Amino acid sequence: MDNTFFAEYAWLVPLFPFIAFAVLTAMGKGLKKTGAWIGTIASFLSLVLSLCIAGERLSGNAPDYGNQMDWITIGKLKLVAGFEVTNLSTLMLVVVTLVAFLVNLYSQGYMKKDERISTFFAYVALFTSSMLGLVLSDNLLTFYIFWELVGVCSFLLVGFWYQKPEAKAAAKKAFIVTRIGDLGLLIGLLLLFWYMPGHALDFTTLHNVYDTQSGAISTGITTLIALLIFVGAVGKSGQFPLHVWLPDAMEGPTPISALIHAATMVAAGVFLVVRTFDIFEASQVAMNTVAIVGAFTAIFAATIGLAQNDIKRILAYSTVSQLGYMMLALGVGSVTGAMFHLFTHAFFKALLFLGAGSVIHSVHTQDIREMGGLGRKMKITAWTFGLGSLALSGIPPFSGFWSKDAILTAALDKQPILFVVAVIAAFFTALYMARLFFLVFAGKPREGQHAKESSSVMTIPLIVLAVLATVSGFVETPFNGWLGHWLFPEGAEHDASGLVMVVSAAVGLLGLYIGWLTFVKGTIRRNAISDRAPGLVTLVARKYYIDELYHVLFVRPLQGLGKVLDLFDDYVIDGVVRLTGHGASALGRLNSRLQGGQVQTYALTALISIVILVVAIAGRRFW
Amino acid sequence: MSMLSSYLTLAAVLFCIGLYGVLTKRNAIIVLLSIELMLNAVNLNLIAFSKYGVQPSLAGQIFSLFTISVAAAEAAVGIAVLIVLYRGRASVNVDEFDELRG
Amino acid sequence: MDAFQTLTWEDAWYLAPEIVLSCFTILLIALDLLLPKRVNRNVIGWLTLAGLLVAGAFVVILMTAVNGPETDSASGTRVLLGGSYQLDDFGNLLKLAFLGASAFIVFSSLGTVRDEDVPIKGELYYLVLPAVLGAMVMASSADLITLFIGLELLSITSYILVAARKSSRISSEAAFKYVVTGGVASAFVLYGMSFLYGITGTTNVSLMRSVLASTSDQFEALLYVSFFLMIAGFAVKLALAPFHAWASDVYQGAPTPVAAFLAVVAKGAAFAMVYRIFANTFTSGGGLDGAVREDILLALSVLAAAAMIVGTVGALRQRNVKRLLALSGVANAGILLIPLSTLFANPMHESLVSEFIYFLVAYAFMNIGAFTVLTIVSRDSGNESLSGFSGLYHRAPWTAIAMTVLLCSLAGLPVTGGFFGKLFILFGTVQVHKYWLAAILLVTTVISYAVYFGLIRQMYMRSGSLDSGLRMTVPAAIVIGLCTLATLALGFLPMPILGWINDIFSVPVDLVMFQG
Amino acid sequence: MLDDLPVLSLIVLAPLLGALIVLALPSARSNWLRITAIIFTLIPFILTLWLFADYQPAVGGGAYTEHSTWLSIPLNQEQFNASVTSLKLVFDYHLAVDGISLPLLLLTGVVSTMSALASVHIRKRWKTYYSLFLLLLTGIYGVFLARDLVLFFIFFEVTLIPMFFLIGIWGYYGREKAATRFLIYNGLGSAAMLLSFLILIATLGFSAVEGAGGVNLLFGGNYDTILSNLSNPAAYANVDNDLTHQFGLYLNDQTKWTAFVLLLIAFGIKVPIFPFHTWMLRVHTEAPPPVVMIHSGILLKMGVYGLIRFAMFLFPEQLHAWTGVIAVLGVINILYGAILACVQTEFKLVLAYSSISHMGIVLLGIASLEEVGLQGAIYQSVSHGLISALLFLIVGSIYERTNTTQLSELGGLARSVPFISGVLLLGGLASLGLPGLSGFVGEFLSFLGMFGSMKIVTAIGVLGILFAAVYVLRSILNITYGSLPEQYVGMKDARFIEALPMITLAALIILLGVYPSILTDLMQHGFSGFLEQIHTRMGG
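Chains as they are written, first to last, in this note's numbering: chain A, 134 to 756; chain B, 74 to 175; chain C, 360 to 875; chain D, 23 to 562.
Hints are computed from structural coordinates only; laboratory data are not their basis. Any given hint could be a false lead.
[As the list claims (entries may be wrong)] Straight-line distance between alpha carbons at most 27 Å, and here's what the computed DSSO-like set of lysine-lysine pairs gives:
#	chain 1	residue 1	chain 2	residue 2
1	D	199	A	696
2	A	166	D	514
3	D	514	A	297
4	A	510	A	654
5	A	512	A	577
6	A	211	D	477
7	B	98	C	525
[What the hints assert, rightly or not] Residues of chain C placed beyond 10 Å of chain A at every Cβ, according to the derived structure:
#	residue
8	370
9	393
10	394
11	402
12	440
13	476
14	508
15	737
16	739
17	740
18	760
19	795
20	822
21	829
22	830
What you are looking at is a predicted structure, and each value in this text was computed from that prediction instead of being measured. Glycine residues also receive a C-beta, built at the ideal position from the N, C-alpha and C atoms.
The following block holds chain A by itself, in its conformation from the complex:
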């Protein structure tokens, strides 16, 4: 059979959820439970279809399939909308649809009591469809469009509980901060449009231009474009310095954090860089920037994660730092590593969030200091969560280990310092995960907490994800580079390095061990550091005061400027207008004062004015 059979119908994948969204918004409140099912079924359908596509592409070498239509035609210029199916997009399709489906399923239980459940599922459906659109889009413009749409969906879902002031603030923050990134992307897009030969924006041409006719775009411009695009990625993927929105975004319902702020949307930044990687490769400056930002974010966020007490925030910072890893991978040129880590991270981080959700669902708090001993009461959650933590901490043979290993290897042979940084970050990762796990599940249970295991709709996704988190690492190990070949046939083979494997495994285990000593055995006092260097701890706990810094640096000045301009508008610009008006009426009053009723004054004014007239006009001639 023709092996692009399913690929030609790839556009259906985003369509299913979109239809669900349309139906749900149209029906609105009418259908409560059914609404939820509509969403779930839609996501299931797209899952099935994308699995078909994947199967099709796995069986033998199927050619890439793409399809375009003119969106706007102006004179010679054409703006095109289109989709293409490559192995890369297929991979993303599978990941997105899978996680989306599981989250849908999970939310059936999690959101049961919420009266706006159908709205919730509508939003989720809209997000899924635009995320899939983003994955499939074959040119930067279409990509940008969906890029913005996913942003809006994230905004809507973060602010889903709109009556909570924090949710409102978080939603606003999420939108505006990512918007800064979008600004960069948009300008980069415009630049690219004017510099690309033939104003083409699709990735294939982009690839060819940088591949074959190098120098078509000067290095300076390339660097500029690359950096601008990277700004976009930084915004979406919560890289330093635009990471501030992601932790706050945890105000949204937990399934959303799992879907959008762990597995899919935040990874879009990485995906963007992968898509436009040719531009980055052409500019060393850009590459270095990406690498440094990534590495710094990885360790920076990890440290913050150590000092948080909100279960979801810890996971959020861990997401930030893991995304840092992916950026680092890209920066050191290992696209495979980045995609691989994205792939595995999607599973275990989604798992962790859903697990956290299940915990929160039963104990109704997010503060880990108020939890404890839940391991006995919620067996499945505990076990799956544990597996997830191991994967995240990079303990062999769990998936996280392999993907992280790929990155570390690449980092080592490119830039040892980055490697060291990454390793330290890995240690911290293991440490805060240990802290989190032991505080929540180990120890003796709090009295007054009747936690119980969540319903099966919530636990089944946990189990599925746990399995994936465990095994998904084996698609790409130093011993078989299958994923790399599949994704990038001409991509570089990543070489095995025993040293790296040993080191990363060691730091992971070390971190877990110290965590165990501290939070279970108690041989190390919990507040050992906070006693010695309280300043340091608060500094970390307050996230290095970044938010406050931004408030002072940007928000305040802008408000000030606004106020000043407001006054300027009122008193200067409008003032001039008013002044003219008053001037005119003042003249009017002057006129009526001149008409004081004295006929002789009238005559006198007349006489004087005629004299002036004569002097002025006739005078010119004689003198």
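For this one, chain A is given, so just place chains B, C and D on it according to the hints.
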């Protein structure tokens, strides 16, 4: 020509006196008289021109006749109005005629 | 030409309108004496109206006769009384305008003038006739003497008309002020004329031109003196700023119909005179040329600008509607002067007279209409202040709408007579590249929106004190209606009247006079 | 079947007829009045739609042109020159449509209909209201259709008077001041316009017609004549040279610049461009919402239309020389408006300033002198028209329920009026340029066009969309999110008559966002032809 110029000067002086009177005198009757003075200055002009002008002609004198009669009519009306006004105000002081203003 | 011809019957026929008016005047004076007290003097009003209409009819007949093919002169003019009087289309058109305007005013005042206000109504009516006569004489005189006679006839009668409200103190005060300023103005005009006569040795304007053509360069200084003296005098008569101060007082003191008469007919007549004298003495190719002409025209444009500015700005703060209309009259006088001040600056600008007459007609309609509305409204509210108009729309919607149209026309908004009048004048100004004057005209127009829409605001957006309906008289209603319709008609299809003026009118033939 | 009808005249005159009918109806019957008004708003709308359906972009709108002489005024009587027999001043009744005016006509149709529906909020003096409303429509349609300078000016003025009344009678507290301010400010604008027009007519609005015994010079405001005279001075060849100079029939550079700058001011006030914007703040805050829908939705676009139709097509050289100036003005508009919108405490003021900001984007599009940018400018105008109409429609509904538009007094409405809040959010997202909604396309095209010529300036301008996000979210979240003050508990959500226009506008916004070609293809012919002309005129 000297004749002419002297007449013209006289007329000019008369005119100015009349104008001055109109502008400064407080008594309404004097004001009206001053107007007559100005008109007379005009008559003087006309007649001087018609006798000593560049192109002497009779028209000037006819003109002056008309002017005189018209001036008379105007004065008559002026005085009549003034009488009505005096009935109302019991005064002929121009300064007090300032109810209409602004 | 020194030998005076006697008045032939043919001449008398050509003078028919003037004669009719004088006869009616005498007749009505006699009638007013003879009629017993109890008889309502409105009779005299109706008769006055009849007189005006008859005269008007004669004017029309004569115009057709003069312009018709059977006339001796193809030029379409007729010279009488030794060249001192001339029948031409400039004169005739203006005569028609004056007669029509006066007829409207008299008609509208029937029934609105209260006895306790004007004890001797008869006078108020029949004195209009000699005034109009004077205006007509001014319109078609070709000689300084006749021009002056016409001017004085008009002025003196209007002095009396202003004083018609015997019982009121302000009426007589207004009259006195009018007498003084008018007298001084006449004196200035005359003084100027005397110099003009001295230089040229003739009082006939058309002869003057040919003389000036040869001698103008010798007497430049004298020419300046004479022209500026005349300008000063006329500026007062035309109420151009800053010679306008008397106007508001006089209008306020006078009975409203008389105020309308002054604003339309007296002003128009003065303009006729000014156009006659200046056009005749300034005609290029003969006549006054070069520096002096340029300066005089410049002076006129400056005066026009000043009038527009002062008139508009002064009206901004004016609460008394009569004074407000007086000031708007000042501004409009400035506009009416513009065509003259752009006279012959450019061979193309021959349309000045049609511009002038068209706007004069539009101005007549809108002003008479506005004054009539004012009469009615102030009769109700008892005062002439803006507040009298408040809530008028709710009391008398149609009156309010009519007034709105008239005000829009005064403000020069489309599609009204005022708009097109201004448009043509503007076009002429731009054609001769006097952009600054055009700009001033436009800006003052915009400022005047504030004035007129202030009034409109009163009518539509305020709730008035009185809630009873407006006491409207039939004649006033008819006049208001006609004026409104005419204003709109002039706006929507100005073609008929303009085409007509242009068909019959020609500057060299009708405005400027060639004789001897 | 409609082909033989004078469609354009019908479009212009139908509302006028409606106004007269409304005047004739008894003022007590509010429903009759309302229905008549809506019908006569719909008629031109439907005609425009038919025009839209029938219009062939490739051919242009030539087929519909209506042209007849209205006035022809002789300026002289007798031959004063050997070669010129007569001079006439000719005003035409000349209506035409093309790819530039058609989108704006459609916009007018939509927004006016919606505003007519939204006028249910009007509580008093329906008769006067609706007649003025319809009169206003006549003016607007006329402006977009007129091709004779004087006719254009007349229609332009005709829009002033009804607006004055609509603001002054049905507005909020400061209505009378706002109305007068509006009248004077725009009056000054049209004064500048008239002066410039007259200069054009007097200096090159002429066409020489060989008549009996010589040339007849016809002066007139015929747009095409003026354009052709401007674009090829060979036109002067018709009239021999000394004559042209004798009559001052020539347009030296200085005069050109005068005319151009006058036009810039005239339409700049309407748009409004930066220093001339204060009047429209008053209008936005004081006028009743349905009127603001018209004002912000359509009237501001008349400025844009004028800029393109006259300032740009007549004086491309001048515009080209001033691209920098206009671009900078545009950027100032964008940022100034946006930053001020961020600190307003009154929702209508936020929207007013955001309008200023969006108009800045239009300016950028115009300044680009690129086809993309110009289409972007028109597109942005249309989309902003729809969006602000929608937003002010909602403002009306909210004010009707809460009697306030102060941000501080609003909040949590999403709970009590979810539908209205939803649409409000949609409108907000559209106005911050979210892809998939109309706002994005306009902004993107404008930026794209401008970016070709001046990268830095545009890049600065693009910052505007960030501030847009800030002020939109700040204000709208403030209204809909958060906790609901108890006095607003139990408010009714939108009635059908309110919901209908909201849904329509929202649908159109989405349609334009998803399928822009529906408009852009229309404009093809309008612009590309002109740009060729311009480039040939400016020598490539």
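These are the hints, each one checked on the structure:
no., hint, in the structure
1, 199/D / 696/A, "25 Å, holds"
2, 166/A / 514/D, "26 Å, holds"
3, 514/D / 297/A, "23 Å, holds"
4, 510/A / 654/A, "21 Å, holds"
5, 512/A / 577/A, "15 Å, holds"
6, 211/A / 477/D, "21 Å, holds"
7, 98/B / 525/C, "26 Å, holds"
8, 370, "39 Å, holds"
9, 393, "38 Å, holds"
10, 394, "37 Å, holds"
11, 402, "37 Å, holds"
12, 440, "34 Å, holds"
13, 476, "22 Å, holds"
14, 508, "24 Å, holds"
15, 737, "20 Å, holds"
16, 739, "26 Å, holds"
17, 740, "22 Å, holds"
18, 760, "28 Å, holds"
19, 795, "15 Å, holds"
20, 822, "25 Å, holds"
21, 829, "29 Å, holds"
22, 830, "31 Å, holds"
In terms of the numbered hints stated before, the structure departs from none.
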